[in-house]
Every structure is written in structure tokens, then in C-alpha cells.
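With chain A fixed as given, assemble chain B onto it according to the hints.
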Amino acid sequence: MKPDATLGELLKGNTPTLILCVLSEGPLHGYAIAREVERRSAGALALGEGSLYPALRALEADRLVTASWENETAGRRRKVYTLTDAGRLDLERRSRTWRDFVRAVESVLKGSSDAKQPA
Amino acid sequence: MQSNRLEEYLDAVEQHLGRLPERERQEWREETRLHLLALVEAEEELGRSRSEAEEAAIRRFGDPEQVGSLLRPSYAGSRQRAAGERLVWTAFGLASSTGATFLAASLIALQYDYLRSIGGQPSPMACVGS
Numbered sequence: 001m002k003p004d005a006t007l008g009e010l011l012k013g014n015t016p017t018l019i020l021c022v023l024s025e026g027p028l029h030g031y032a033i034a035r036e037v038e039r040r041s042a043g044a045l046a047l048g049e050g051s052l053y054p055a056l057r058a059l060e061a062d063r064l065v066t067a068s069w070e071n072e073t074a075g076r077r078r079k080v081y082t083l084t085d086a087g088r089l090d091l092e093r094r095s096r097t098w099r100d101f102v103r104a105v106e107s108v109l110k111g112s113s114d115a116k117q118p119a
Numbered sequence: 001m002q003s004n005r006l007e008e009y010l011d012a013v014e015q016h017l018g019r020l021p022e023r024e025r026q027e028w029r030e031e032t033r034l035h036l037l038a039l040v041e042a043e044e045e046l047g048r049s050r051s052e053a054e055e056a057a058i059r060r061f062g063d064p065e066q067v068g069s070l071l072r073p074s075y076a077g078s079r080q081r082a083a084g085e086r087l088v089w090t091a092f093g094l095a096s097s098t099g100a101t102f103l104a105a106s107l108i109a110l111q112y113d114y115l116r117s118i119g120g121q122p123s124p125m126a127c128v129g130s
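So the sequence lines, in the order shown, correspond to chains A and B.
Last residue of the first sequence? That's 119 in this note's numbering, and every number before it is there in order.
Last residue of the second sequence? That's 130 in this note's numbering, and every number before it is there in order.
Same shape as in the complex, but just chain A (with noise of 0.2 Å):
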């Protein structure tokens, strides 16, 4: 099956948006950050990995998130991604532009199926 281009459109634009929300709820890896976004929008959304890292690294520039590495009990050490205080922020910001933004597509979209037809 072809990917819905429009989707991926807005995935790629939403993409830091996604990040920062499954972040607020605690820190993470990338791959539970993947795997969290896929779970809460039951597979709807895949955030690809490809686009995953890139996102990240842009976010920690912008110090809306911190990067550190940590060690896990298998020995393993993983790189988690905390949220910060501007980072939180901003996710608000975000939230309510998507928000707002919904809501005048859906205006739109209404106007233009009860609207009659041009003679």
C-alpha cells in the first residue's frame, strides 16, 4: 500500500511535537520514543527512525530537551532525553497551535460541503 503523502507531510511537521509530548510524561530512549508515539496512536503514526534522531538532535539544540547517558541493569548504558522547563513550554505553545489550527481546517472543510455548488 502506497503511504498517504499528506500524512507523512504532517507527521514530519509534528514530529518535534510528538517528541516533546511522550517526553512529558518522563524521560526516554529514542526507541521507546518510536515505539510510546506508535503505541498512543495505535500504530497510526510511526514515527520513522530515520527522522527520529534528526528531530532529537534539533530539540537538544534548542535546549528543549537534554540529552544523558545512563546505565541499565543489563549493562547496557542507554542515551535518554529528558524534557526541560523551556521545553515544556513549548509543547504548550505547540499543543495550541495544532489545536487551533484543527479547528480552522475543520471550518473550512464544513464550509466547503454545505456550501451550494456555483450555478
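Everything labelled a hint here was simulated from the structure, so no lab data went into it.
From a predicted model like this one, the values you see are computed outputs, not experimental measurements.
C-beta atoms are modelled at their ideal positions from N, C-alpha and C, and glycine is treated no differently.
Any given hint could turn out to be false.
[To be verified] Calculated cross-link-like contacts (lysine to aspartate or glutamate; reagent style DMTMM-like; alpha-carbon spacing at most 25 Å):
| hint | chain 1 | residue 1 | chain 2 | residue 2 |
| --- | --- | --- | --- | --- |
| 1 | A | Lys110 | A | Asp100 |
| 2 | A | Lys79 | B | Glu14 |
| 3 | A | Lys12 | A | Glu49 |
| 4 | A | Lys110 | B | Glu45 |
| 5 | A | Lys12 | B | Glu65 |
| 6 | A | Lys79 | B | Glu24 |
[Unchecked claim] Anything over 10 Å on all C-beta distances counts as not near chain B; from chain A, calculated:
| hint | residue |
| --- | --- |
| 7 | Arg40 |
| 8 | Ala86 |
| 9 | Arg96 |
| 10 | Asp100 |
Leaving out everything else, chain B in the frame of chain A:
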């Protein structure tokens, strides 16, 4: 134990990442390797063989050129910092060597002056490097 197939994939992505400071390169490899291993384990739980699971994990991560090219710009700052540090060390090295040359020249000049004052013959370069 490291998987050859996963290491080959990391090498392929790295070719498109560009030159990174060594510590960042190692950290990128470790983080990506662990993510790939987690994907491999998830695929194995679905009943795939190890080699099938590795191929599936690599497919899921994406084409090496695309993954490397997407990630490359995010390391631009690190590359600039590393280049800046190299420049400072080069400047420091040049300054040090210039200073050492000046010191050696001063010592030779002093040796000439001293030998001339006591009527002896100078032995040019005799002390330099011995």
C-alpha cells in the same frame, strides 16, 4: 557481540554523515546500534530468525544515504566547533614553534658574541638538535 550486518549498515550511514568529532561519532554509533538491536529483538519476538530480524530492523531504520543526509545538518555545529578547536591548536603549535626558533636563534647569536669576545671560533649549529 557485535553483528557484522548492523556494523556494515552503520558504516554505510556514516559515509553520508560527514566527518564528526570522534566522541560524537562513537556516541552516534552506540545510540544507533542500541536502537537497531532493540528493533532486532522485537522482530525476533515475532518469530523471525536473527538474520531476517536484522534485515527487517535495517529496512525499518531506512536507506543509509537518506538517514545520513537527514542527520548530517544537525552535526554542523559540532563540525564547526571541532574545526575551531583544530584552528586554535594549529595557531598554538605555530606560535610555539616560532617561539622555539626565536629562542634557538638568540642562543646561537649569544654563542657567537661570547666566542668572539674570548677570541674562540664559533661552531655553528653544534648544539642545535644534539
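Here's how the hints hold up against the structure:
1. A/Lys110 <-> A/Asp100: Measuring from Cα to Cα gives roughly 15 Å; hence the hint holds.
2. A/Lys79 <-> B/Glu14: Roughly 19 Å between the alpha carbons, so the hint for A/Lys79 and B/Glu14 holds.
3. A/Lys12 <-> A/Glu49: Between A/Lys12 and A/Glu49 the Cα gap is close to 12 Å, so the pair holds against 25 Å.
4. A/Lys110 <-> B/Glu45: With a Cα-Cα distance of about 45 Å, the restraint between A/Lys110 and B/Glu45 is violated, given a limit of 25 Å.
5. A/Lys12 <-> B/Glu65: Cα-Cα ~18 Å, so holds.
6. A/Lys79 <-> B/Glu24: Between A/Lys79 and B/Glu24 the Cα gap is close to 12 Å, so the pair holds against 25 Å.
7. Arg40: holds, 17 Å
8. Ala86: holds, 18 Å
9. Arg96: holds, 26 Å
10. Asp100: holds, 29 Å
The structure fails to meet hint 4 from the earlier list, while all remaining hints are met.
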